[in-house]
Structure formats: structure tokens, C-alpha cells
Amino acid sequence: MMISFIRTVITFSVLFFAMRIMGKRQLGELEPIELTVAILISNLASQPLADTGTPLLYGLIPVLTLLCLQVIITLISARSIRLRRILGGNPSIIIENGRIDQNELKSSRVSLDELFQELRGQGYTDVSEIKRAVLETDGSLSIIPFDRYAPATPDALGIQVEEKKLATAVISDGRLLSSNLKSLGLNEKWLYSELRKSGISKPKDVFLMTVDSDNKASVIKKETGK
Amino acid sequence: MKKELFTFALLASILIFSVINSVFISDLTAKTGELLLLAAEDETSAEKLVSEAEALWRRHDSYLSVVLRHSDIDGIEDAIYEIRRNIVSGNMAGVALAARMTNERLKSVARFEQPRIGSIF
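If you read the sequences in order, they're chains A and B.
Just so you know, the first sequence maps onto residues 1 to 226 in this note's numbering.
Just so you know, the second sequence maps onto residues 1001 to 1121 in this note's numbering.
Read the hints as simulated data drawn from the structure, not as lab findings.
Some clues are possibly wrong.
[Claimed, not checked] Sample of chain A residues facing chain B (criterion: CB under 7 Å; computed from the structure):
1. Met2
2. Leu57
3. Cys68
4. Val71
5. Leu75
6. Ala169
By construction, the Cβ of each residue, glycine as well, lies at the ideal position given by its N, Cα and C atoms.
From just these sequences and the hints, can you work out the full model?
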């Protein structure tokens, strides 16, 4: 038991260190700590399942230990900038004012092909269009174009637009979502009166009912099966 | 903050449980082994001492199944059976040998639960 615990802590530390050394581009969508935990948990959990001679606790202790370590490290790093930099690394500025920082590109171990693949993926074909491109700690590339190349926004065009009303589902597939209804400050009496307006007597007959911030309801009736 | 406190408490519980378990396993294996070695030295009460050792081990069967590999538990039960078989056939030299082997096996189970370089790596 104690051996499982110590082994988990050591393996976690070594794997996490390896993830940090591997660099950002290997990580994809996850932070180094998340990837480390994801890799370890998937294997640990399956071992006692496959071998019934191994107590389930041999799988549960490491999984719970990893979970605790992740939460604790995330908590500490959220409070300490220095630790956050040590654990997660720093974002790298790959492109600044339309110029590629070759040293940063090299130290991040990103090839030009990969950089251009990422740029094309986000709709840019020319480096000179980019004000700043940052390789984030999770391996993703954030691109900030020069304003003249940025997609036009209503604000930039001086157009007044009406703010979109956010809709909340209050009935989903015949089920009444009471908490959502309550969060909108509405009650079932109001709901039934709205249903009656649509010619429906009970929530069971509704496929989807949404209500926006102006309390405007939208009802989709359930289709009867053939 | 509740989540963080829970996490700290859980981690501490795992650590404390691991230490308690390690001490318990060491104690149980030592006591069982001691009884088996005594049985090897005393022909007249050998059977009684082996039965005591077996009862002691089996009393914690459910707990041991949770914390030890089932193959280790089965191995020790088989080893105790081997001592009993030697007693029945009057082979005291065999009893002594089997008791020493079982004791070593018990020590090995206890060692596996101790935080040593060998068992960690």
C-alpha cells in the first residue's frame, strides 16, 4: 500500500518532468500536469480490472493519490506565479510584429512547417499579417493579427447591433428542468400558461422549450413516432 | 476551498492508512511466523501452535484480501498446510524446514509493505 503510494508519487514526478522537457508542442490541448495524470490514470485503473488476483486497492490508491497531487499542485500554482512558471512553463512569443523569432522557434522545437500549418489552420498565409503569435503552455498557438488583417467586428465598422438573448432550456425531451426555470425567476404556472399558448397540455409532449432573458419562450413539440 | 481541504484530507488519509497497514502487516506476519517457528521446536504442541498461527492468519482474511495480492495469501496458506502435513506424518525435520520457509515468505510479504529502496524500485 505504502509502496503503491510512494511509487505513484515518484512516477508522477518523473513523468511530469519528462512532459516539461518534451516541450509545449508535444502536449496538444492539455497542460503538462493534466497530460501526466491522464496517461497514468488510464493505465493504473485498468490493471486490477484485468487481474482479479490484484486487490482493487492497488489501482485505487495510485488513482486517488494522483488526483490529490493534481488538485494540490493546481491549487498551489494558482497562488504562486513562480511555481506556475516552473510547472507549466512560460508562453513563447514565436512571432512579434510580423517577424518570426527564430531562437524562440528553435528552443520551442517547432519547425517552420508546423508553424505554417498552424497559421493556415487559423486562416493566415502570411507572417506579416500577424502582430503576435504565442505558443501557449498547453501547446496551442494563439494568433493576434494586425488590426488591418483582423476580421471586421460590428464595433470596428461602427454598426449598432442588438445584443443576443441567451436562451435557457426549461424542458428537455419531456423532462421539466425546474432548477433552470427557477434560475430565470419563473414558475410552473407561467410554464403551463406558455405551453397552453402552443396548444400543449403537459411538459411530456415537449421536445425542447427554451426561454430567453426577456422571458420569451420557444417551444418545439415532440414528434409522434411512426 | 472545501474541495482543496477534502483533497488534503484524502491524501493525508491515504498516507496514514498506508503507514498503519504497513505496521499491521509487519505485526501480523511476525506473530504468525513466530508461532510457526515455535511449532517446529516443540513436537508435543506443534499441531496446536500451527492451528493458532493459521487461525490468527485466517482471522484477518477479509482485510488481507483487500491489501495483499491474492497469490501471496494463497501461498502462505499452502505453506501452513505443508507444515501441518509434515506434523501429521511425524516428520519434524520437514516441519522445521517448512516453518522456516513459511516464516521467510511472511517476512517477504511484510518487507514488500515497507518503504525500502528494493520494494519501491
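Structure-based check of each hint:
1. Annotation: Met2/A was flagged as interfacial toward chain B, and the flag holds, the nearest CB pair being 4 Å apart, inside 7 Å.
2. A cut of 7 Å between beta carbons decides the hint on Leu57/A: the least distance to chain B is about 6 Å, and the hint holds.
3. Because the smallest distance between the Cβ of Cys68/A and any Cβ of chain B comes to about 4 Å, under 7 Å, the interface hint for this residue holds.
4. For Val71/A, the suggested interface contact is upheld, since its CB lies about 4 Å from the closest CB of chain B, less than 7 Å.
5. Among the interface hints, the one on Leu75/A holds; its C-beta lies about 5 Å from the nearest C-beta in chain B, closer than the 7 Å criterion.
6. Taking 7 Å as the C-beta contact cut-off toward chain B, the hint placing Ala169/A at the interface is violated, the least distance being around 27 Å.
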